[in-house]
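A.B. asks: What follows is the residue order along each chain.
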Amino acid sequence: MSGARWIVMRREVTERLRSRAFRIGTAIQLAAVVVLLVVAAVTSGGTDTKTVALVGPASAPYAQPLAAAGPALDARIRTRTLPDRAAAVRAVRDEDVDAAVVAGREVLVKDDARDALAAVVQQTHRQLALRAALEGAGVRGAALQRALDPAPLTVRALDPASADQEERRGLAFIAVLLLYLAIFGYGLTIASGVVEEKASRVIEVVVSAIPPRELLAGKIIGHGLLGVGQFALTVAVGVGGARLIDAIDLPSLTVGWGLLVALWFAIGYALYACAYATGGALVSRQEDIGATTGALNFVVIGAYILVLIAIQDPDGTLLTVLSFAPPSAPMAMPARWLLTDVPAWQLALSVALSLAAIVALLRLATVVYAASALRLGPKLSLRQALAGRRR
Amino acid sequence: MPLPSRAVLRCRDLHLRYGPVVALDGLSLEVAPGRMTGFVGPNGAGKTSTMRIILGVLGPDAGEVTWQGQPLDAAGRRRFGYMPEERGLYPRMRVADQLVYLARLHGVAPAAARRATDALLERLGLGDRGRDELERLSLGNQQRVQLAAALVHEPELLVLDEPFSGLDPIGVDVLAGVLREEVRRGVGVLFSSHQLELVERLCDTVAIVKAGRIVAAGEVEALRRANRRPTVRVAIDGVADAGWLDGVAGAEVVGRAEPAPGSGAPGDLLVALADPADAQRVLDRARAAGPVTHFSFVLPTLAELFREVVSEQAGAAARAAAPTEAAA
Numbered sequence: 000m001s002g003a004r005w006i007v008m009r010r011e012v013t014e015r016l017r018s019r020a021f022r023i024g025t026a027i028q029l030a031a032v033v034v035l036l037v038v039a040a041v042t043s044g045g046t047d048t049k050t051v052a053l054v055g056p057a058s059a060p061y062a063q064p065l066a067a068a069g070p071a072l073d074a075r076i077r078t079r080t081l082p083d084r085a086a087a088v089r090a091v092r093d094e095d096v097d098a099a100v101v102a103g104r105e106v107l108v109k110d111d112a113r114d115a116l117a118a119v120v121q122q123t124h125r126q127l128a129l130r131a132a133l134e135g136a137g138v139r140g141a142a143l144q145r146a147l148d149p150a151p152l153t154v155r156a157l158d159p160a161s162a163d164q165e166e167r168r169g170l171a172f173i174a175v176l177l178l179y180l181a182i183f184g185y186g187l188t189i190a191s192g193v194v195e196e197k198a199s200r201v202i203e204v205v206v207s208a209i210p211p212r213e214l215l216a217g218k219i220i221g222h223g224l225l226g227v228g229q230f231a232l233t234v235a236v237g238v239g240g241a242r243l244i245d246a247i248d249l250p251s252l253t254v255g256w257g258l259l260v261a262l263w264f265a266i267g268y269a270l271y272a273c274a275y276a277t278g279g280a281l282v283s284r285q286e287d288i289g290a291t292t293g294a295l296n297f298v299v300i301g302a303y304i305l306v307l308i309a310i311q312d313p314d315g316t317l318l319t320v321l322s323f324a325p326p327s328a329p330m331a332m333p334a335r336w337l338l339t340d341v342p343a344w345q346l347a348l349s350v351a352l353s354l355a356a357i358v359a360l361l362r363l364a365t366v367v368y369a370a371s372a373l374r375l376g377p378k379l380s381l382r383q384a385l386a387g388r389r390r
Numbered sequence: 000m001p002l003p004s005r006a007v008l009r010c011r012d013l014h015l016r017y018g019p020v021v022a023l024d025g026l027s028l029e030v031a032p033g034r035m036t037g038f039v040g041p042n043g044a045g046k047t048s049t050m051r052i053i054l055g056v057l058g059p060d061a062g063e064v065t066w067q068g069q070p071l072d073a074a075g076r077r078r079f080g081y082m083p084e085e086r087g088l089y090p091r092m093r094v095a096d097q098l099v100y101l102a103r104l105h106g107v108a109p110a111a112a113r114r115a116t117d118a119l120l121e122r123l124g125l126g127d128r129g130r131d132e133l134e135r136l137s138l139g140n141q142q143r144v145q146l147a148a149a150l151v152h153e154p155e156l157l158v159l160d161e162p163f164s165g166l167d168p169i170g171v172d173v174l175a176g177v178l179r180e181e182v183r184r185g186v187g188v189l190f191s192s193h194q195l196e197l198v199e200r201l202c203d204t205v206a207i208v209k210a211g212r213i214v215a216a217g218e219v220e221a222l223r224r225a226n227r228r229p230t231v232r233v234a235i236d237g238v239a240d241a242g243w244l245d246g247v248a249g250a251e252v253v254g255r256a257e258p259a260p261g262s263g264a265p266g267d268l269l270v271a272l273a274d275p276a277d278a279q280r281v282l283d284r285a286r287a288a289g290p291v292t293h294f295s296f297v298l299p300t301l302a303e304l305f306r307e308v309v310s311e312q313a314g315a316a317a318r319a320a321a322p323t324e325a326a327a
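Chains as they are written, first to last, in numbering that gives the first Met the number 0: chain S, 0 to 390; chain L, 0 to 327.
Derived from the structure by calculation, the hints contain no laboratory data. Virtual Cβ for every residue (Gly too), placed ideally from N, Cα, C. Since no wrong hints were added, every one of them can be taken at face value.
Examples of chain L residues toward chain S, derived with CB under 7 Å:
| # | residue |
| --- | --- |
| 1 | Arg77 |
| 2 | Tyr100 |
| 3 | Ala148 |
Partial selection, computed: residues in chain S whose CB lies under 8 Å from chain L:
| # | residue |
| --- | --- |
| 4 | Ala3 |
| 5 | Ile6 |
| 6 | Arg10 |
| 7 | Glu14 |
| 8 | Ser18 |
| 9 | Ser199 |
| 10 | Arg200 |
| 11 | Val201 |
| 12 | Glu203 |
| 13 | Val204 |
| 14 | Val205 |
| 15 | Val206 |
| 16 | Ser207 |
| 17 | Ala208 |
| 18 | Ile209 |
If we strip away everything but chain L, and leave its shape as in the complex, we get (with noise of 0.2 Å):
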C-alpha cells in the first residue's frame, strides 16, 4: 500500500524489541509533504516508538529511517518539529525564554529564533504570555506552548504524538487550524490519535498499525471502498424480517445497523450486493414488501474500518457491526 512517489519521509522495514516484548514487527511507513498522515492503531500498537524513531530518540534494531531519499542524519532531524507522548519543558523557564532555546538548540540564528517565537505565540493567542513562567499557565496554554515547541524552528515535517489529547473542543479547532495551515505551506505532517472521528476529518492520508506493523494504509475515502461489497440499508415499515429478500441474486443480509437508542426495534437491516446495480432489484423487491422509509449505500467510518482491521475476527460478521450512513 506505498503512497505516492513523492512521499519524502520512508520507514522501511523497522524492528525493535524490548526485552521479550515486540514493538515493532517491520513496521514500514510514509510520510509525504504537504500532506497529513493520521497514525491510528491500539494501545501498545507501536505508534510512539516509531515516532522516538524517527526523531532518533530511539535507534531501531533494524531497518531504516530516509528523509528525501537519504538515510536520515542528525541535521536531518534538526529540521522535524516534535510533541512526544511524554508532554514537557521546563515548568519555571519564561514561556518565549523556552521558545528560543529551542529554536536554537535545532540550529537557529538567536535574531531569528526571537523573532520566530514572537511571531509564533501572537499567532497561538500567547502574545502577552512570553515572559510568564511556563507553570503559570493553564494546562490548555502549556500545551499550546508544547505545540509552540514543535513549530518554533520552522520544521519540514511535524511528527505530532496523540496532539489532541486532553485539548478542549476550541482548542482542538486551534490546533487543527495551525496544522491545516501547515500542511499548506507544504509541511508533512505525520500525527497520532485516538479521536478517530477527527482523523477522518483533517487527514488526507491514514496508516493503521497493529502489532508493530502496518495493517492498512492510503487515502481515507480510498480505504473506506477497499475491498468491501457495496453495501444498502433498508427499513420496511412493519417489516423487521428479511424473508422479501429470498431469491434476489447477489444480495445479502450482512447484519443490522444499531437501532436508535430506545426504540426497542431491531437495527436496520445491511444488504451487501454483488454489483451496484443490483441496488434497484433489492429496492423494488422491498417496496413490494412494505413501504420503504429508508434506503441509502453505507460506507464505513473510519471507526468501524479501524476496528475491523484490527480485530483478530476481521471479516464480514465484524466488518457489518454498525456500518452509518454515506451518501449513495
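So that you can see chain S by itself, here it is in the shape it has in the complex (with noise of 0.2 Å):
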C-alpha cells in the first residue's frame, strides 16, 4: 500500500505544525534574522564616510580633489576647515576627524602613519605640486588637464571567469555555512521524530497497519518538507529584508547558479536526514538519541571544516576529493562550481554517488528501523539491529 507513506507524511506535517514547539522555534529563527538585519543595518550603514580638516590657506587647494579620490578608498571623503594645528591635534585625537593637513605640508593621523587616508594626501600632494610645476611652465587649459588626467589604461584580465572571484568565494562560503546549518538544525529533529512512534509505544499498532518501512519512508519526506520549508522562510525573510534595507550586498547570481545550490541543498538535506533516521531507529527513547547521532555530528563538522580550508584552493585535490565524497559533496560541489570551472561529468558523477548513497542510507534506516521496532528498551548497536533483522 503506497498511499500509507502519504497518509503518514500528512501526519507528520499537520501535527508538527499544530505543535506550540514547532511554531515557536520558526518564530524565534524568524527573529533572529530580523535582529541580524538591524544589527547589520545599524553599524555598516552602507558607504564609509572620512572627514579631513584643512588648517590654513596652503590646504585649502586639497578639497576638490581629495573629495574626487574617495572611490579609489571605498569611501567619501568630506573636508572641513580648521582654524589652527591645535584644533586640528585635538580633532584628530578626539576621533572628530580621521586626518588632518596643516599648512599643506604636514599630515596628522591618530595612529597608523601608513594609514590609507594619508597615502590619499600624498597622493593629492603630488598632484598638486605637478599641477603648480605644469602651470609654471605655462601649460594651460585642455593640455593641462591631459596632462593631470590622462585617458585610463584599459584593464584586460587575462582569466575573465575569475574576475568575481571573491564574490564567488563569498557566495560558496554562504552556501556552506547555510547546508550546514540547515543538517544541524533539522538532523536531531529528524532523528527525533523517527523515535516518537517507539517512545510513545503507539508504535505496535502502526506496524500491524503499514510495513515499517512506509512510516520510516512518511516520517523523512514529512519531517524533510517540514525543514526544508522552514528553512527556506528563513532565507528569504534574510535575503528579502537584507535587500530591502540594502544592507549586504548580494552579487547577481545566474539562475543556474541559484538552481544547482538547491539542487545540492536538496541532495545534502536528504543524505543526512537518512543518515539521522538511521541513528533514530537505533533507539526507542529520546534520550538516547545523542549517543547514536553524535558520531554523525562528528562527521558533519569534519565536513564542514575540511571543505571551509578546502575553499582557499580551489583548483586543489583536497576539495576535487570532497566533492565527490557523499558526506561532504553537498558541500564542496556548489563551492568547487562557483569557484572553477568542473567538467560536467564530474558534476554528474558526483550527484550519482550522493544519490546512490541516499538510497543506501535509507535501505539502512528501514532495515534498521524495522528490525528494531519493537526492542523497546536500551539502544542498538548497529551490528545488533542488523543481526536481529530476520524477524
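Using the hints, put the two chains back together into the complex; each one sits in its own frame.
C.D. replies: As C-alpha cells, then:
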C-alpha cells in the first residue's frame, strides 16, 4: 500500500505545524534573522565616510581633489576647515576627523602613519605639486587637463571567469554555511521524529497496519519537507530583508547557479536526513538519541571544516576529493562549481554518488528501523540491529 | 483439542526463539468468529509473542498463521484490530484525529474514518473529548481510546493483549459490553488476561499456554469436566476425620476444601468417586456418621484448572487443592 507513506507524511506535517514548539522555533528563527538584519543595517549603514580637516590657506586646494579620490578608498571623503594646528590635533585625537592637512605641509593621523587616507593625501599632494609645476611651465587649459588626467589604461583580465572570484568565494562560503546549519538544525529533529512512535509505544499499533518502511518513509519525507520549508522561509526573509534595507551586497546570481545550489542543498539534506533517521531508528527513547547521533555530528562538523579549508584553494586536490565523497559533496561540489571550472561529467558523477549513498542509507535506515521497531529498551548497536533483522 | 472447523484464524506449530530463550515451542491456536476466546498462561509463556506474530509485528522462526484458510498477509491483517500489551498512542495528538489517522492506515476512506470515529467515541462515552489531546485525558479514558483504536476500522478479528489490566470495575463492564457486542456482530475475539474469573465469565472458549505450547484448549465447561472423576464436598457436624468412609468402593479422599477464614476447623472433605452414582452411597454413609451440614458436587474453577495444568506436578493432589462449589 504505497498510499500509507503519504498518510503518514500528512500526519507528520499537520501535527508538527500544530505543535507549539515548532511554531515558537520558527518565530525565534525569523526574529533572529530580523535582529541580524537590523544590527547589520545599523553598523554598516552603507558607504564609509571619512573626514579630513584642512588648516590654513595652503591646505584649501586639497578639498576638491580629496573629494574626487573617495571612490579609490571605497569611501566618501568630506573636508572641513579648522582654524589652527592645535584644533586639528585635538580633532584627530578625539576622532572628530580621520586626518588633518596642516598648511599644506603636514598630515596628521591618529596612530597609523601608513593609513590609507594619509596615502591619499600624499597622492593629492603630488598631484597639486605637479599641477603647480605644469602651470609654472606655461601649460594651460586642455593640455593641462590631459596631463593631469590622462585617458585611463585599458584593463584586460587574462582569466575573465575569475574576475569576481572574491564574490564567488563569499557566495560559496555562505552556501556551505547554510547547508551546514540546515543539516545541524534539522538532523536531530528527524532523529527524534523517528523515535516518536517507539517512545510513545504506538509503534505496535502502527506496524500492525502498515510496514515499518512506509512509516519511516512518510516520517522522513514529512520532516524533510517541514525542515526545508522552514529553512527556505528563514532564508527568504533574510535575503528579502537584506535587499530591502540594502545591508549586504548580493552578487548577481545566475539562475543556473541558484538551481545548482538548490539541488545540492536538497541532496545534502536528504543524505543527512537518512543518516540521522538511522540514528533515531536505533533507539527507543528520546534521551538515547545523543548516543547514536554523536558520531554523525562529528562527520558533519568534520566535512564542514574540511570544505572551509579546501575552499581556499579551489583547484586543489582536497576540494576535488571532497566534492566526490558523499558526506562532503553537497557542500564541496557547489563551492567548487562556483570557484573554478568543473567538467560536467564530474558534476554528474558526484550527484550520482550522493544519490547512491542516499538510497543505501535509506535502505539501512529501513532495515534498522524494521529490525529494532519492537526492541523497546536500551539502544542497539548497528551490528545488533542488523543481526536481528530476520525478524 | 481442535476448536470447531469454522475457526477462521489458525496458528499452526509456531516456533520462536529470542537468542537462547525459547518463546514459542510449537504453539497451535484457533480463534473462531463470533466467539470470545480467552488466552491465559503464566508470565513469559508466549501469549504476547503469539499475538505479535498474528498481527505480523513479529515473524515466527517456523510455523504459519492462516486466515479463512489462506496464509495471512498484510491485507488480511489490516482487517484485524489490535490492542498491544505496550499501550501507547500519540500523546499530543487530538483523540479524534488520532483515531481517523489509524483508521486511514487500515485502509478506511477519509469520510468513513471520520464517521466511524465519531460513532465510536460516542459509544465509549467520549463524545465530547474528540478535540482534546490524548494526554489531557484520564488514564481510564486513555484506555478507552486505546480500545477505540483497535475498533475504529471495524475489524473482523480482535486481538487484545491484557485489555482489562488497570481498569476499574466500571471500566471492565464497559469493555466487556463492547466486546460482547463485537462478538454478536460475528467478530472473533482473542484476549489474554490474568483475571481468570473474568475469562471464565466472558469467554466461550479458553486456551491455556505454558512454556510456549498450548496445554489445554476448548470450551470452558468441557475443560472443567474433562479428565477428572466426579468429586463431592462433604461436611458432617462434629466429625472431622474420614474414618466413616472406610469400605465405600470407588470413593477416595483427595483433599480438603479451604476452611472458612478464622474458623480454625479443618476444611470440608473432598471425595472423588469412580462413578457419579456412588454419591448416594457416600451420602448414606455420611448421614450414618452424623448430621450432614454440606453435600455437593464440585467442579474446579478456571483458576484451579489453570494452576493444575500449569503447575509442574499436575495430578490429583494439585487438582484437589482447593476446589469450590458448583451446582451439582
